[in-house]
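Please assemble the complex out of the two chains, which come individually in their own frames, going by the hints.
Heads up: the sequence lines are chains Z and H, in that order.
When you number the first sequence by my numbering, it's gap-free, plus one each residue, and the end is 1017.
When you number the second sequence by my numbering, it's gap-free, plus one each residue, and the end is 188.
Everything labelled a hint here was simulated from the structure, so no lab data went into it.
Using N, Cα and C, we set each Cβ at its ideal position, and we do this for glycine too.
Any given hint might turn out to be false.
What the hints assert, rightly or not - With a straight-line cut-off of 30 Å between C-alpha atoms, the simulated DSS-like cross-links for lysine-lysine are:
#: 1; chain 1: H; residue 1: Lys101; chain 2: Z; residue 2: Lys831
#: 2; chain 1: H; residue 1: Lys155; chain 2: H; residue 2: Lys101
#: 3; chain 1: H; residue 1: Lys155; chain 2: Z; residue 2: Lys789
#: 4; chain 1: Z; residue 1: Lys756; chain 2: Z; residue 2: Lys776
#: 5; chain 1: Z; residue 1: Lys907; chain 2: Z; residue 2: Lys975
#: 6; chain 1: Z; residue 1: Lys936; chain 2: Z; residue 2: Lys983
#: 7; chain 1: Z; residue 1: Lys776; chain 2: H; residue 2: Lys155
#: 8; chain 1: Z; residue 1: Lys975; chain 2: Z; residue 2: Lys990
#: 9; chain 1: H; residue 1: Lys81; chain 2: Z; residue 2: Lys789
#: 10; chain 1: Z; residue 1: Lys789; chain 2: H; residue 2: Lys54
#: 11; chain 1: Z; residue 1: Lys756; chain 2: H; residue 2: Lys155
#: 12; chain 1: Z; residue 1: Lys831; chain 2: H; residue 2: Lys54
Said to hold, decoys possible - What the simulated footprint calls covered on chain H by chain Z, stretch by stretch (three residues with Cβ under 8 Å from a Cβ of chain Z suffice, anywhere in the stretch; the number is not a length):
#: 13; segment: 85-94
#: 14; segment: 114-123
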Amino acid sequence: MPWLTSTVRVSPNVRRAQLVCLAVILCLGELCPGQGLKVPASVTAGDETIIPTTGSGKAIFYLWGPGVSSKSEISLGQEVHLHSRDLRNAGDYLAIVCSAVCRSSAFYVRAGKPAYLNFLVHPSRVPVAQGDAVSGVVLPFDEFHNLVPDVATVNFRLAAGSSSAGSPRAQMQDGVAWFRTTSGRSAGKLQVVATLDSLSSTRIVQQVASDPCNLRIKGERTPKSVVVETEPVHDCSGNPVPDGTIVTFSVTGAGGKSTVDAPIKQGIASAKIQASGSLVISAASGTVMGNELHVGGQP
Amino acid sequence: MKRQELAHTDCGEIAKTLLLVAVLLVTATSLGADDSSVQVQLDTRKTGPRAVENQTEQAIRRDYGFAWASLAKALEFNTIDPLQGSFVGTAMKRLTDTVASQRSAGLSSRYGRQSHNLQAVFYAPEGDVIELHDTAEFQLQVMDGGKVVHEEHAVRHYVVLMTPGADHWIIRQLQAVSQF
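Bound conformation, chain H alone (with noise of 0.2 Å):
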């Protein structure tokens, strides 16, 4: 009978230490994990022919995460104006046409948890024009009004186009492929 109480008695603790364990989990992922967080990784040890100072690896590190936020912003709250300054030319075109057709058709996307594995692969030999490839992923919704109507954790492939602005690099060309 003591052995029966006391199993009870530690099934109990075990169910109220994996439920305090779980709080905790779901409390630190809510907590960690913001949803607009954009994570970027940047290689350039196979970038040429001219090789990318660190200064300006962390320009480009920096440029494309906060582009991408912008583009998370645009298209979930169908604006522009976050796109001002990060892209331009057919890249800008293009999401400015996404924002466009998206709000005619009543249609919202939401790019969340993104994390972009960025290789350098050609940097021009007067240093105006990058070629990156980003290997993205995050949790991507596409609603309807306020119904999700597709939702999945998207790995991507980019080429992508940057050219050194004033201050700041731009993306000029920002285009999926199926593979590198």
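Chain Z on its own, in the form it takes in the complex (with noise of 0.2 Å):
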């Protein structure tokens, strides 16, 4: 701005109107649009607010925003008065006035306190004493389903039948508390809460039996056949494994190797194989081999 700092001597007065028509033209040009426009620094999500305006005469004011857009008359000089349905939704807002220029200021709303917990548990159904097998993650929200990111701590219980399953420690990050933990050690439902002050919401995990343990079998021989059973199955927690498990016998004799397949019906899989002479029979489970099973020879 040469004009100003020539050395042409003017008034402290002149310079000082320059200075004012300069602001004048730059406004004008909509250089300064909050101008004119005082809104508040934030709003709670849900909350009333006025806008003051100045000036006289007519103009139109726009409130523009997630989920709203609105336009109306508004006589210059009077407060706009925001009502609670348009500003429920948290995020950014622009409040527009147009007369002979168009000026605009941004306000926020925030999130207003937490009303329900989002809880994601993972996963429904799980094998007992599995490592960092059972997770959850909580998601805050107001009443307006604005997500609520500045919440401090999430509390989590878990519980099997009326006993205590553990408190696992809540991770905080961002506004979301997420944790991991180990399933249980007996089947059942495990009961899985997140408290944020008032506020719980409560996940149902089922927990089964993991895979058999110590498969035990033991054999009959009938006048045509073997009849093999294991004994009770459990998995390592002693949790009966859940029926319609499958178990596999494999019998290899003087006629080569075949194997039966039999569901586990009340604990027990059973299995009659038509076989004759001397023969040697297994069990397995899933990935588990239980002991071998010599059976003599028909006399």
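Here's what the structure looks like:
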């Protein structure tokens, strides 16, 4: 701005007038869009607020934000009343007033207090005693479905039946709380509860027996066959393996090798093997091998 | 006299050169800077507890950029069709409401020259939700009919929740915040 620093002597009043003129020119050129609109620094979702205006005469007021666009005629110099229904969605808003020129200001609506928890727990069904097998994520939302990103603490509690199965430490990260933990040792329902102040959310994980452990078989020869059955099948934590789990019996004899699949019924799997002569019978379920049974030939 | 002529010639040449450079710059800018283009960068280095695989990172970057291009189309032409498939839940509801209210008020908005700098801050243990922080820059115009009532080079911060769909990532929450 060379005319302001020129060596021509001008009085302070003239210089002040020049500055004012420059400001007016800049404003008319819409280089100072916030002038004349004083918006709130921040509003909580669902609150009402007012925006005072300056000047006189009629103007058009626009509110533009997430989920909201409105246009109305206002009288300059009066307050613009923003209703709570217009400010439910957290995010950035623009208040725009147009008369001869348009002026605008931006403000933010922030999320309110948490009103519910979105609680994701995985998996819905899990074998017992598996490391890091159960995980949960909590996302807090306010009553208008805005994510509340500045939550400090969420507590988690796990319970199997009437006994506590632990309180895994909540990991907070950018408003998200999560945990990961080992599944319990008993088959049955695992109740997982997330708590934030007075809010809580519960999920159920069904814990089921893990793979069979110490699979043992016994057999009895009949005139034309061998009846073989397992002892009650349990996992390594002592939980009965669910009915329907397949046990495979392998038979090796003079005629070669053959296999028979049998489902567990009431904790026991059994099979009738048509064979004569000496036999070696073994059993397996999943990746677990049982004992070998040596059966002599029929005299 | 000759020196003056020479000086005039030099000035003329310089002016021509400057004019040519200016024309070239304007042409290059108008050809190179597609208003509808969306640039997306994604940083997954600080993501946890689950690591973001390379293929997942590429898919998120692609789908996030596509979603914003769709958002821009929807809000410029006041139609929800482009939003289908990229947004669900709260994000979809709010954009649908924006389109409806813009249409009702005779407004439209334009997001030009978008640039999104994403940081993945949380990736769930089972990979079923990812939280992103987006520092977005764009040329924002709000229009009443054909009249521009607001224009700015906007810098906004968004907290974003995306979940995996059958074959692409979908935005569930898109919420501007004053700062991260």
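- [ ] State the violated hints by number, sorted upward, taking the hints as numbered earlier in the document.
- [x] 5, 10, 13
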